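Q: Here's the letter readout for the chains.
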Amino acid sequence: MRISEQSKTNHRLTYLQTASEQLERIQQQLATGKKLSRISDDPASGSLVMRHRETIAFEAQMRRNLEGGRAFINASEAALGTANDTLQRVRELTIQAANSTLSTDERGAIAAEVDQLIGHLAQVANTNFGGAYVFSGHRTDQPAYAVAGNPPIAVTFQGDSGARIRRISREDAVAVNVTGDAVFGTLFDDLITLRNNLQSSVPAATIAASLTALDAGLGRIIDARADLGARANRFEAAENLSLRTDTDLQQLRASVEEVDLGETVVRFTAAQNALQSALAAIGRTSEMSLLNFLR
Amino acid sequence: MGLSVGLDTAAKALRAHQLAVDTAAHNIANANSPGFSRQRVLLRPLGVDGSEYRSRDALLGKAGYGVRASDINRVRDIFLDFQVRQALRQQAQWDAHASAIGKLELAFGEPGDDGLATLLHNFWGAWHDVVNDPESAPARRSLVNQTTTLTTRIQRAYSDIVVQREEIDRNVEAMAGRINAATREIADLNFQIKQVELSGDHANDLRDRRDLLLDELSRIANVSYAEQQDKTVTVYLGTHEMVTTNMYRPVAAVPDPAQPGLTKLIHTLDGEDVVPGGGELQGLLEARDVVIPSLLAKLDQLAGGLITQINAIHTTGFGLDGSTGLNFLTGTGAQDIALNPTLATNPAQIATAAAANLPGDASIALQIADLELATTMAAGTLTFDQYYADLVGVLGADVNRASGLAESGGMFVDHLEAMRQSVQGVNIDEEVTLLNASQHAYNAAAKVITVIDEMLDTLINRTGVG
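Those protein sequence lines, which keep their order, are chains A and D. Using our numbering, read the first sequence as starting at 2 and increasing by one per residue. Using our numbering, read the second sequence as starting at 3 and increasing by one per residue.
If we strip away everything but chain A, and leave its shape as in the complex, we get (with noise of 0.2 Å):
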């Protein structure tokens, strides 16, 4: 093919072009460490990076409430088994007063500890966890029970049986909540009778009975903390799944949209040699001619 003087200058602008724009490409990958910058550089990767970015910001999101959900749920979980331990004592000393040989000032002096023991049992009741009453249900701005009187007369539960729930996963929502009146029941109107019985002087007999009621209190309690416990552990196992999940979308993600960077340094090297070469080859040419040659 015949050579005019516009096509050697045509293709040594092409030359450099193409070989200072691969070097730029590169370089910019080694700066940024992305290779794809724009989804047109690879429409199809590029809508598979977004959709991992997408599950990747949501799982994230789902490890955040599982989080936040278990503080609340072990929060919960802490004020029962503190109630549970009262309410042992509390059973203690009524398996103590049922005993018929008890003097009254003996049965007024475990009265005395019961009303405490009520009085701390309604502290835990109204365990409050960041700003929330853990037990109140929906209405977690006030105390989940009211005591009236002190010694208490009346313990009276003010909160609802609202589910705080909260979602953990695409398929599941789940509530971090027990609410009161469905973990203690009667067991405040229970304990009032007690200590009220261990004030007068009812038989031993119709002490001993309140020990079914307590059981019974004792009873919820035990299955309330089994079903936080199980919450705790479904969040825990949640939140390892998503972790695993999370480090195969990173590392799916990051083969797409990030370089390899020892690849890309040899890349950048030929390419730099590239256009040393064709820089060279255009200085050797260009001094190429017949001028050079005729007197």
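Calculated directly from the structure, the hints in this document are not laboratory data. Quick caveat: nothing in here was measured; it's all calculated off a predicted structure. Treat the hints with caution; some may be incorrect.
Not close to chain D: a few residues of chain A, all C-beta gaps over 10 Å, as computed [what the hints assert, rightly or not]:
hint : residue
1    : 30
2    : 194
3    : 265
Pair ranges (Cβ atoms, derived) [to be verified]:
hint : chain 1 : residue 1 : chain 2 : residue 2 : range
4    : D       : 327       : A       : 238       : 47 to 53 Å
5    : A       : 172       : D       : 338       : 25 to 31 Å
6    : D       : 453       : A       : 283       : 48 to 54 Å
7    : A       : 170       : D       : 403       : 33 to 39 Å
8    : D       : 403       : A       : 172       : 46 to 52 Å
9    : A       : 120       : D       : 310       : 50 to 56 Å
10   : D       : 310       : A       : 244       : 31 to 37 Å
11   : D       : 399       : A       : 295       : 56 to 62 Å
12   : D       : 197       : A       : 283       : 41 to 47 Å
13   : A       : 203       : D       : 375       : 37 to 43 Å
Note that the Cβ used here is the ideal one computed from N, Cα and C, for glycine as well.
Based on the hints, put chain D in the right spot on chain A.
A: What follows is chain D alone, placed relative to chain A:
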């Protein structure tokens, strides 16, 4: 008689080779002029046939009467011109389209940590945080901030695209000037070429210029052209005559009543719309009138969907202070989507609960947060996030396709241009070689004169001298 013929032959040779040297000089001078076709002197030997200097001596007659530079032609392949112009049209169309819509991608910043997608995720995340702690003032404030960030960004993406549409529109407007400048000059050249060539000469350089303008017009739109008997070219765009003999019919950029604020090109003669049918103008119009409106509509759908879906739930809910019936977002589309200013000043009024005085109830907030997973867009097939990813994905694929076609079109143009250059382009080494040859021939012709001069001297001054 015989010697004077030799002198005349030598003189013709001097003139012919002088012309060849001049032509080589012209070629070398224009080695880098775009559109230039190298020129060649057509040297024709003058034989005895038909010559009025017929000699009675047969031997003398056989030597011929020298050379004549009969013509200066340009070396050019009209078929290659046709192919190059077709390729130029395609390449220019995709190149203009790709660069026009390529800038649109920047409005979204995907994929990246500060793209719209991330802001959308952050927005849903902020709702979840409110679900987790509906009593918490910081969670509500954070939701207010994330919402404002998101809506501002949607508005900005919209206005960025509108600005880009205006920029494309200005380019469309400028096309009228480029088309008119080219057609006007072609009409002028038609007149000049006709004049020059009527007298039997070749208007090589004028033709080169006219061909260059036809290249330029082919880049802008799908023009057709034909050279007439009188050496003028007639240029058509569709069925519209743009140039005929020394007249051109201008196009004009006028406000488009169908698209307020935008421009359209019309043929001034009949007021009909310019239909480019290809080229740069077509690439720009497709970006302005097809890609951008669809993108803006999708962005409006997205914003409108967020507004209606979220408000439909939010108005049924109750804030911490018992307020209800409030919209969460105001506006109707991407241009004006914004957080309800009442909520911005008083985040406690963000409706989270299904009834008044239930600060721990986040069931309404959860319903809103769950919109993230609901397929409410594109006739119930896509979530908001997916709809957005689709919007960006379609644009990315369009840009990718257009740049690919522009690139391959560019390679095709380069290839054809190289072929065209191979025919018409100037090679300096070649010209220098021809220059050398002409120089030698010129020198030799001069030598012939010297020889004849000596012969005449011998004949006149020495013959018969004792």
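Q: All the hints need checking, so say for each whether the structure fits it.
A: Here is what the structure says about each hint:
1. The claim that residue 30 (chain A) lies off the interface holds: its Cβ sits roughly 14 Å from the closest Cβ of chain D, which is beyond the 10 Å cut-off.
2. Separation of residue 194 (chain A) from chain D is adequate, the least Cβ-Cβ distance of about 30 Å exceeding the 10 Å criterion.
3. Look at residue 265 (chain A): its CB is around 18 Å from the nearest CB on chain D, clear of 10 Å, so calling it non-interface holds up.
4. Checked against the hint of 47 to 53 Å, the pair residue 327 (chain D) and residue 238 (chain A) fails, with Cβ atoms roughly 41 Å apart.
5. With their beta carbons about 36 Å apart, residue 172 (chain A) and residue 338 (chain D) fall outside the hinted range of 25 to 31 Å.
6. Range check, residue 453 (chain D) to residue 283 (chain A): Cβ separation about 49 Å, and the 48 to 54 Å hint holds.
7. One distance hint, 33 to 39 Å for the beta-carbon pair residue 170 (chain A) and residue 403 (chain D), holds here, with the actual separation near 38 Å.
8. For residue 403 (chain D) paired with residue 172 (chain A), a C-beta distance near 38 Å fails the hint of 46 to 52 Å.
9. For the hinted restraint 50 to 56 Å between residue 120 (chain A) and residue 310 (chain D), the CB-CB distance of approximately 53 Å keeps it satisfied.
10. Restraint check, residue 310 (chain D) to residue 244 (chain A): a C-beta distance of roughly 36 Å satisfies the suggested window 31 to 37 Å.
11. At roughly 57 Å, the beta-carbon separation of residue 399 (chain D) and residue 295 (chain A) lies within the given 56 to 62 Å, and the hint holds.
12. Checked against the given bound of 41 to 47 Å, the beta carbons of residue 197 (chain D) and residue 283 (chain A), roughly 44 Å apart, stay inside it.
13. Distance hint for residue 203 (chain A) and residue 375 (chain D): a CB-CB separation of about 59 Å, inconsistent with the stated range 37 to 43 Å.
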